[in-house]
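Asks: Throw the hints in and build the complete structure from the sequences for me.
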Amino acid sequence: MMAQQHASTPIVEGLFEIVAGTPKLIGSQCHGCNTIYFPQALSCRNPKCRDKSVEQTFLPHCGTLYSYTVQRYQPPPLFRMDHWSPYALGLVDLGDGLQVMGMLTGIKLDEIAIGMALKLVVEPLYSDAEIGEKLTYKFAPAERAGAA
Amino acid sequence: MTRSVYVLGAGAHPWGKWPDKPQLQLAHEAMNLALEDASLAWPEIQGLVAASSRFEGGMGWGLHANEVVQSVAEQGIPCINVGGACAAGAVAFQTAYALIASGQHDVVAVLGAERMPKGFIPRPPGSPDDISDSDYLRWVAMGATNPAYWAIEANRRKFDFGTSDETLARAAVMMRKNASGNRLARFRAATSIEEVLASPMVADPLHLLEICPVSDGAAAVILGTQEYTRKTGRKQVEVAGCAIATGDFGDPARRIPTVSTNVLPNVSHTSEVVNAVNRACEMAGIGPEDVDVLEMADNTVWHLLSWPELFGFYEPGQGDWMLDNGKLEIGGQLSVNPSGGFLSFGEATTAQAVLQICELTWQLRGEAEGHQVPNATIGMSAVLGLGANGGSVILKT
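For the record, the sequence lines run as chains E and B.
Just so we're aligned, residue 1 is where the first sequence starts under the working numbering, counting upward by one.
Just so we're aligned, residue 1 is where the second sequence starts under the working numbering, counting upward by one.
Everything labelled a hint here was simulated from the structure, so no lab data went into it.
Because the structure is a prediction, the values reported are computed rather than measured.
Errors might be hidden in some of the hints.
As the list claims (entries may be wrong) - Simulated pairs of lysine to any residue, SDA-like, Cα-Cα distance not exceeding 25 Å: (1) E:Lys48 / B:Val267; (2) E:Lys48 / B:Pro265; (3) B:Lys231 / B:Trp42; (4) B:Lys158 / E:Ala113.
As the list claims (entries may be wrong) - Stretch by stretch, here's where chain B covers chain E in the computed footprint (C-beta under 8 Å, at least three residues): (5) 75 to 83; (6) 101 to 114.
In this text, a Cβ means the ideal position worked out from N, Cα and C, and glycines have one as well.
Replies: Rendered as C-alpha cells:
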C-alpha cells in the first residue's frame, strides 16, 4: 500500500507515456489520410477521407510556440495544482498542421516569445496522500538546432 | 417555393443580474414586449421556437418553449426547442424562418431566456472523466479557461499585425460608448483606455474589461408573412438572409474546449461563423460592403478586431486602423455593435443571438433610441456557439 501511495500517474490515462526516458503524447493517426489527432480519437475527422480508421501513435515531442497566454486567475476546482501561481499556457506547433495546447514550464513569464523552440516534458501537477502524485505534460524551452 | 418572411415584433428584457426573477418570468416579459410590438397576442401565435438553456428551467430537458406555452397559452401549437449553445438563438431563428418560408405557418415566435451561473462557466454534468471528453481534459491537464483560448488568439494577432494594447482597449471603450445610449445594456458607464488597461489582467493580453462577463436576459422576436407585416402598419423589416452552419476541418481557430487543432492551409478561421455569414449573404444577394450595421458576438475585444476581417468587410489586419480612426463607431463606415455588444451586456448565452436580431430590427426601423445608426437599411448578425455552431441573419428594410 505504501508503494501505491507514492505512485506517479498521468493526470488522465492515455494522455502520454514515458518511452525510454522521453515523454511522448499519445494520439491517433488515420490510416487513410495520415492526419494525426490529439488526444486519441474515435475516428478520422477529415471529411474528404473515406477510410476513417485510426491507430494509436506518438506525437512529435518538439515544436515551436505559435502563441500563448498567462492565466492570472486560478481556474475552477476541476483543475488542481499544488502551489498555484499564474502560469503560461502555450499553443505549440508540432508540424504537419498539428497544434497542441499545454502549460509552459522552465521559462520566466516575461521571456516567452512566439516562435521559440519547445520540447515536451512531464511534471507533477499535485500530490495527494490517497492517489499519489499526478503528472501532466508541459512544454519547456529546447535547443533549436538538431531538436528531433 | 419559399415565401418572404418579416420581423413583426421584437422585445427584450434589460440585461443584468435578476436574482428575483426566474428565467420563465424573464421569458414571459420578453414575449409580452415582442407581442405588443407586433400588435399581436398569444392566440395569433402558431408556433414557438426556443433556444434551450442548459442552466435553468426547461424541465431539465431543454423544453423551454413547452414550459412557456404551458404557463401562458395552452393552445396546441408546435413547440420546438433547439440547442446550439451560444448560437442557439440563431438556430431558433433559422427554424422559425423555415416554418414560415415553407408555408407551414404564418406567425411563429422565437425566444431565448437565460439566467447564468456566476463566474467561469462550469463543466456540465454527465460527461465521462477521461480523454474522450475535451472539456474534462482541458480543465484537469492544464486548467484552460475560456478567456485563455481568446487570449491565445489575441496574442497571435499582436504578433501577426502589431496590434497594440491600446487598440485592444479602444474596442472596449467603443462598446461602452455605444451602450451608454442603450437602456437595455447592463454596463453603460463610459470608460477610457487607461481604465481598461488598469483593470485586472485575466489572461494576457486580455484585461477584465476586455472580456464579456455573464448576465441574465431574455429576448423574443415574432416572425410572420407579408400579409401580417402589412397589418401592423409599421416599417417592414424583411429577413433577407439567414443561415446556420458548422465548422470546417482544418480551421485554425482555437476551439473551446479542445486542446489541439489540425490546421490546413486555405481554411477560414472561425469557419462556422464565416460559413453562416457567406450563406446568408448569398441568400440575400448582397456582399459585406452593403451592410450598414453588424451585430456580432464580441466575447472579447479580439473578436471586434478580427471578425469583420474574417467576414471580408476589409483586409486582415486592417481592423486596427478602422477602429483607431472611428470607422466602426455609430455612423462610421461600418457600425459594429451599436447596441454595446456582449462586452456591455454580458452574455446571457442562448438569448444573445435573439437580442442581436431585436437590435437590428430597431436599427432598421429607426427606433434604436440613444444609439441609432443613421439611415441603416441592411443589418447583419453573427454569432458563435460551442460545438462549432455559427449563425448569421441579414435583415433589410
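Asks: Each hint: holds or not?
Replies: Hints, one by one, checked against the model:
{"no.": "1", "hint": "E:Lys48 / B:Val267", "verdict": "14 Å, holds"}
{"no.": "2", "hint": "E:Lys48 / B:Pro265", "verdict": "15 Å, holds"}
{"no.": "3", "hint": "B:Lys231 / B:Trp42", "verdict": "16 Å, holds"}
{"no.": "4", "hint": "B:Lys158 / E:Ala113", "verdict": "12 Å, holds"}
{"no.": "5", "hint": "75 to 83", "verdict": "holds (count 6)"}
{"no.": "6", "hint": "101 to 114", "verdict": "holds (count 4)"}
Hint check: no violations occur; every hint is consistent with the structure.
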